[in-house]
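Engineer: Each chain, letter by letter, is given below.
4 protein chains.
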Amino acid sequence: MAAPETISIAQIGYGYWGTNLARNAAANPSLSLDLICDVSAENRARAAAAHPTARILADGAEVFADATIDAVIVVTPASTHAEICRRAIEAGKHVLVTKPLATTVADAAAVAALAAQHGRTLLIDHTFLYTPAVAFLKQALARGDLGKPLYYDSVRTGLGIFKSDVNIVDDLAIHDIAILEHLFEELPATVSATAAASFNGLRESLAYITLTYRDGLVAHLAAHWLSPLKQRQVVIAGDARMLAWDDSRVGERIRIFDSGITRTESAVVPGRADVTYRNGEVTVPALGDTEALAAEMADFVACIRTGSTPRASGQSGVRVMQIVAAAHRSAAQGGAPAAIEG
Amino acid sequence: MAAPETISIAQIGYGYWGTNLARNAAANPSLSLDLICDVSAENRARAAAAHPTARILADGAEVFADATIDAVIVVTPASTHAEICRRAIEAGKHVLVTKPLATTVADAAAVAALAAQHGRTLLIDHTFLYTPAVAFLKQALARGDLGKPLYYDSVRTGLGIFKSDVNIVDDLAIHDIAILEHLFEELPATVSATAAASFNGLRESLAYITLTYRDGLVAHLAAHWLSPLKQRQVVIAGDARMLAWDDSRVGERIRIFDSGITRTESAVVPGRADVTYRNGEVTVPALGDTEALAAEMADFVACIRTGSTPRASGQSGVRVMQIVAAAHRSAAQGGAPAAIEG
Amino acid sequence: MAAPETISIAQIGYGYWGTNLARNAAANPSLSLDLICDVSAENRARAAAAHPTARILADGAEVFADATIDAVIVVTPASTHAEICRRAIEAGKHVLVTKPLATTVADAAAVAALAAQHGRTLLIDHTFLYTPAVAFLKQALARGDLGKPLYYDSVRTGLGIFKSDVNIVDDLAIHDIAILEHLFEELPATVSATAAASFNGLRESLAYITLTYRDGLVAHLAAHWLSPLKQRQVVIAGDARMLAWDDSRVGERIRIFDSGITRTESAVVPGRADVTYRNGEVTVPALGDTEALAAEMADFVACIRTGSTPRASGQSGVRVMQIVAAAHRSAAQGGAPAAIEG
Amino acid sequence: MAAPETISIAQIGYGYWGTNLARNAAANPSLSLDLICDVSAENRARAAAAHPTARILADGAEVFADATIDAVIVVTPASTHAEICRRAIEAGKHVLVTKPLATTVADAAAVAALAAQHGRTLLIDHTFLYTPAVAFLKQALARGDLGKPLYYDSVRTGLGIFKSDVNIVDDLAIHDIAILEHLFEELPATVSATAAASFNGLRESLAYITLTYRDGLVAHLAAHWLSPLKQRQVVIAGDARMLAWDDSRVGERIRIFDSGITRTESAVVPGRADVTYRNGEVTVPALGDTEALAAEMADFVACIRTGSTPRASGQSGVRVMQIVAAAHRSAAQGGAPAAIEG
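The listed protein sequences derive, respectively, from chains A, B, C and D. This note's numbering puts the first residue of the first sequence at 1, with every later residue one more than the last. This note's numbering puts the first residue of the second sequence at 343, with every later residue one more than the last. This note's numbering puts the first residue of the third sequence at 685, with every later residue one more than the last. This note's numbering puts the first residue of the fourth sequence at 1027, with every later residue one more than the last.
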């Protein structure tokens, strides 16, 4: 049981990702991880070994009935998120839920509205928003380091875990959709997507998504569950500088290139544009080693205590789902551009 | 002047790429590089220094009038290709022309038809078709090494030379379009493309193109003239094995991964597909060091002598242009899928 | 307290590396981690949080007096190893001790002899010996995959933790010395070493060590605590094939190159040797994901139960120390080659 | 024949490297490449094709007799360098000779003295001294960017061309010896070397060389003709910053790391040195694309015209040979440190 000043927290779901969330919850001195639920006996055994002071239960419904629990971490299959969040909020709990918030825009919006109505903190585990890398990107764009942003190009591939209730867009491309929402704070004008299910009976395991924004910015996301190359690479090009974020280059994840083109008025070479090329210095900023989930837990605690809005708020989670839904609509129409719908 | 058994060849255009073609023509013992034309005095001076036994002229029209010239290499801006090829063929010359064959499908088809009518060899300089890497890909697919092909994913980026008469699709993405045409010998069912001109007054410098084929194969091409990363990477995934071709990894350009998924009937983990994952051996084949342009020149010579059809034939050049044209149409419609048109 | 069939284990020292050993001890179902000692209050707090069922004490001496403890893991500063091991063995405990076994050959030999005399298992935590990579190397050499081994070249660099009681040879180069001892099962004929203390008052932070073996094999170890590049790379060349083991290339740690030279009898190019060069296929074996410390704990348990000799035995630990001592002697003499001494 | 204001130059030897030197000589507007000699008919045919305006001869002795020749490029096997240089200088020619200047210190010194006596320019083709990378290193050290230099660590490996008249030290490690001489302008106090001939009847194909300098600087060179990895990497660490020069990373060859350690007075962790660690920003300077051999030819021309001393002078070539000779002596004594001898 938590001391008065600590927040008693329960977790529903203790699979691969849940293990990480529970570890970070336990490590936060303001949180007391008092209850863990999972339908799998194997997962419960792992939870008991790692968190011997927590109660371990099979049935998540106990969480809602337990008045001593202040907050809930939801790490269950995506199709169950909306319902579990609804019950937790109605039981007066604050909620941290893994992405996606829900599987439809309507469900996502309903959960966000319910949290607002009940005055409960709702934080979507868009983990990347809490990384030092994304914090750096946000600042660099705000400072105008890159000039006018021209494009955002992301590649996320590898031999990923095929899900059964969501596809590659909901599971992998959604990371970039959340990052785009956070960095540019603007909904795209159009979303075009191709998503292919390469195996009969399995969900779509590859997706290519193009987002266009009002000021000419283009974003493109390539996501694969089936690739021989583990790639986690984002390029953001501006008309002044360009930036590459490669999460696999530990210690030099972000590189800023003072490179690009300059328009010239000089005499032309036939067939060539009147530009000169600049290959300047490259800088690798020191980013620090903060674990994203620790920062996320700290944000959750702070918002529960002060009532402020999390960086990965319910409202941003709804906007992410609007973009995801547009991608699904476009993919269903063979890639024809789709607009954002409420 | 060429000896009777050698082929007297002229080259029109001696810019950056022309330098490479001329060097390879001069190195082929069956070709005698007797005439080089370029409108630029600087280029003519370079040509004279490198090829002191060739005549150097400003006006390419002299080529057509010179009856001693058997064949012509055309390395001029893309917008001039069709007209120069037409005049050369009508003057009885064999033609090797840098890509694209023309800037419209109609022009490309007319040149190819003219070459057939006059019995002249027409070879499009789709250089990649002559690399040991593409030869290996062709064989690997023919042998079924990968199983059923699922997708072809290409990324070609860097700080490229901005052209003024063609855009990134005609200039860079066309490489993969030619490779796809060569590897799969089938036109795509649909082509969806986004192409953006990031700078006012310059041509489109980024493109994302998705091609879908009848049997479920998806091809995707990302091409950038403005990127901090020089990337030349193609992934081809099959349901049995996967392959990565990274042209920047000298000595280990192609890697074959015995990796993928296997369907299972086993009890399910909630939210996960019933598959197991395989991360097996990786093999890097020894490819040999043949320079592509030397192989291309050899094909040109052989076809001139025997009347056989070049690997990069006029007909394949027309099909490449049909796909390029569909990409342009899709891009003009905001990315809506376009079909191939004659 | 451990059930009869489990082995009750204590750990002395809970710093950075101790955390990993304790985690793996706790995860082994045959071990019951019942006691952890550390002089640091902060480390004791971390131990208590991670291992809430273990007793946590400041004074390691309690371990020796506690008859319920069957085995001890020693993870203290190197200068204390021999004495702690001695007391543990004399108290009837089995011992797993982090490298180096001791700081002198005499001390190491005494500990190994004591363990033999008391019939206790002594395992030196030469962790690399338990990795899938080293297991593969051992098998590849045994099968003769490389032909006759010509050289072993290791580079271990980065911004490492400067120790105060041992230098870079005892701390980092010792990994390769243990691997060499394991792979080739032969003491080198000579050891030449340069070790430099780049900062006044700190221990030697760089070392270059060359080992020559009777059959012409040369081994070379470069080790740096102060380098901008994190490198963990070993090359083993044979006269038939060559092999690179790069621990930073996750998923393709080992590559086998079918490359080398072949002697020829052909006519000579002036100044060149009569050889031809072969750049053949590269193969990346699938290694599996076993954590080395888990395999080490399993070996410890098996040896305690059966009395068999651990892979990283006390005797091999003594031989490792003999090589380390020769390196120190050579370095003290400005790099002059030193022989192995008992 | 050269015009009065141009320098008429001959080249003796037209093998692999000679091709590059001749190309750069021909491209320098102040040089007229009028004569090329090679004993191989095949090389003469290649020379004639590439340099159709030069006379092509089998016998290099003709160069000495031809009074119209002002300067000679010597690209023959190393064992012939001293004699050919001597005859050329005595015939009044300026000389550019590939490394090594000679195969003994005495011969090297005699050639350098002869050039000085005759007032002829003598430039040793230590090509790296003319690269933008080494120019940057020289400036960075002069500015004190790294603080006090602590070590220079070089790795040059790959499947190299085995020579018959010189070994890996004379052929490959010599590059770093020349760079060290240029950067630090100081002879080492001791040189320790291991060189091994892995194949009967072939020269030593691997070498490890350690050089110690008076102020504590340590240099280490690892060189292999037989390695699966093509590596061209130099690390220079200072007590303020560190630098890596990787010639295989085109476009980011040099990286400067604002990383290292700082001494602290704080309370100790047992076994750890009292230091803190700094992992700061990394900077990749823009180096420019000048070809080294073009800069070398320009230096040769300027020195011939003005009488100034080339960057890669005869005297520096002698010092390089003194270090090389010390390495040979150490290797012959099983790696015992050797001093520099006149």
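Honestly, I wouldn't trust all of these hints.
Below, computed lysine-lysine pairings styled on BS3-like, alpha-carbon distance capped at 27 Å [what the hints assert, rightly or not]: (1) A:Lys230 with B:Lys490; (2) D:Lys1256 with C:Lys832; (3) C:Lys832 with D:Lys1174; (4) D:Lys1256 with A:Lys230; (5) D:Lys1256 with C:Lys822.
Derived by calculation from the structure, the hints in this document are not laboratory data. Model, not experiment: these values are computed from the prediction.
Engineer: For the pair we were handed, Lys1256 (chain D) and Lys230 (chain A), check the Cα-Cα distance against 27 Å.
Structural biologist: 24 Å, holds
Engineer: Please work out if Lys230 (chain A) and Lys490 (chain B) have their alpha carbons no farther apart than 27 Å.
Structural biologist: 22 Å, holds
Engineer: Hint check: Lys832 (chain C) vs Lys1174 (chain D), CA-CA at most 27 Å. Holds or violated?
Structural biologist: Distance ~43 Å between Lys832 (chain C) and Lys1174 (chain D) Cα, so the pair is violated.
Engineer: Would you check the hint for Lys1256 (chain D) and Lys822 (chain C), treating anything up to 27 Å between C-alpha atoms as holding?
Structural biologist: Distance of about 25 Å is within 27 Å: holds.
Engineer: Is Lys1256 (chain D) close enough to Lys832 (chain C), meaning Cα to Cα at most 27 Å?
Structural biologist: Holds - the C-alpha atoms of Lys832 (chain C) and Lys1256 (chain D) are around 22 Å apart, at most 27 Å.
In this structure, the one hint that does not hold is number 3.
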